[in-house]
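K.L.:
Listed here are the chains, written in short residue letters.
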Amino acid sequence: DTGVSQDPRHKITKRGQNVTFRCDPISEHNRLYWYRQTLGQGPEFLTYFQNEAQLEKSRLLSDRFSAERPKGSFSTLEIQRTEQGDSAMYLCASSTGQPGDSPLHFGNGTRLTVT
Amino acid sequence: DQQVKQNSPSLSVQEGRISILNCDYTNSMFDYFLWYKKYPAEGPTFLISISSIKDKNEDGRFTVFLNKSAKHLSLHIVPSQPGDSAVYFCAASRYNEKLTFGTGTRLTIIP
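Those protein sequence lines, which keep their order, are chains W and S. Using the working numbering, the first residue of the first sequence is number 1, and each one after it goes up by one. Using the working numbering, the first residue of the second sequence is number 1, and each one after it goes up by one.
Calculated directly from the structure, the hints in this document are not laboratory data. Backbone N, C-alpha and C fix where the C-beta goes; we use that ideal spot for every residue, glycine too. It is possible that some hints are incorrect.
Stated by the list, open to error - 16 Å max Cα-Cα, derived EDC-like pairs, lysine to aspartate or glutamate:
no., chain 1, residue 1, chain 2, residue 2
1, S, K38, W, E44
2, S, K5, W, E44
3, W, K57, W, E44
To be verified - Now the stretches of chain W that chain S is said to cover, found in silico as 3 or more residues with beta-carbon under 8 Å:
no., stretch
4, 90–99
5, 105–114
If we strip away everything but chain W, and leave its shape as in the complex, we get (with noise of 0.2 Å):
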C-alpha cells in the first residue's frame, strides 16, 4: 500500500523567488487536500480536489499562490514571488470522498524555508 507522497521534502528558497511542490495520492482516492501548518498550530486548510475540479479555495490562498491535479491524479501546488510569511510545512492529504467515514491521509509534507 503505497501511502501520499510528496516533493521535496525540504525546500530553501530566497524570498521573490517561486516555488513549486509536487504530490502524488493514494491512487485510488479521488479527493485530494493541500493544507498548510505552522509551528504550534493544527493544518490550516488552502484548498481542494475532486478529481480535476477544485472545489474550494481558503481565503488564506492569496493570488500568489495556485494549485493544479490536471488528470485527477498528481497535484502540484506552487507559490509565486515567495515572501518570508511563507515559510511553513506545507501537507498534502487524500481521500475516497465517500460521506460518512473518510478520513485524510497525509503525506510527509514539504517543509519550506524563505530566507
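Let chain W serve as the given structure and place chain S on it in line with the hints.
P.N.:
Here is chain S on its own, set in the frame of chain W:
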C-alpha cells in the same frame, strides 16, 4: 475564528495509566470528527473517527466519545504506552467537506 479548540497544549501521563485528550467545537453543523497523531517531521496519521450519529467509537486502546449537546469530544487511550508520546490533533468536518483542525495537544508518556 477557531471552530475547533484544544485548550490543553500539553499533557503528561504515567505509562499504563489512561490518557484523556479533550476537544471542543463551536460549529453545530459538524457531523464527522477525527483524531490524528503526529510525530516530528512526519505528516499527521489518522487514529480514529466518529460520526455525529454515534456517541462512542472504540478501536483497540483508543476510544472517542462525542457529546453533541456540549459540543465536546474526547480521546481516551488506555493503557498509555511510551510510543503514544506525540502531538494529537482533533478535527471536524460537515457534509463531507474539508477538515478543520484544532491546535493540538502534546502528550508525553512517562515511563
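K.L.:
Look at each hint and say if it fits the structure.
P.N.:
Here is what the structure says about each hint:
Pair hint K38/S plus E44/W holds up; C-alpha atoms about 15 Å apart against a cutoff of 16 Å. The straight-line distance between the Cα atoms of K5/S and E44/W is roughly 13 Å, inside the 16 Å bound, and the hint therefore holds. Restraint check for K57/W and E44/W: satisfied, since their Cα atoms lie roughly 12 Å apart, inside the 16 Å limit. Note: the stretch 90–99 of chain W has 5 residues with beta-carbon separation from chain S under 8 Å; the three-residue rule is met and the coverage holds.
Residue count for the stretch 105–114 of chain W with a Cβ under 8 Å from a Cβ of chain S: 5. That meets the three needed, and the coverage hint holds.
Hint compliance for this structure: no hint is broken.
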